[in-house]
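**Student:** Sequence:
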Amino acid sequence: MDYNRKLSAVVENSNFTDESHPKYEVLLTLTYMMLTNMVHPELIDEPQQKAEFDTEYTMNWTDERLEWNPKDYCGMDHIYVLSSDVWFPDITF
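Number 25 in this note's numbering belongs to position 25 of the sequence shown; there are no gaps in the numbering.
Hints in this document: simulated from the structure, not taken from any laboratory. Quick reminder that beta carbons are idealized off the backbone N, C-alpha and C, glycines included. Hints are supplied without guarantee of correctness; some may be wrong.
For each label pair, taking beta carbons as the anchor points, the in silico distance ranges come out as [as the list claims (entries may be wrong)]:
1) V39 with V86: 31 to 39 Å
2) Q49 with N69: 20 to 28 Å
3) H40 with T62: 28 to 36 Å
4) D72 with P41: 47 to 55 Å
5) V81 with Q49: 40 to 48 Å
All chains should be built: construct the whole structure from the sequences, respecting the hints.
**Tutor:** Written out as structure tokens, the structure is:
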């Protein structure tokens, strides 16, 4: 079984859509972790009480619709997908 066939089987069996919240159907809370790291300050203006920083962030969450038993898929325990193909939490800064 090649990688694309295995990936298709996981996604097709999951009722997965990249547009819907993973817990929406059962009205449960989704827990995710967001880590923000200040890379370096761009501007610090104490008299105006103004600061600008370059930052990066990492987000982690589990979409249970994409869980499977590796034994059922030739031992495959992870997959790689494009970020455009998965649901992503809405964030605002």
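**Student:** What hint numbers does the structure not satisfy?
**Tutor:** Hints 1 and 2 contradicted; others consistent.
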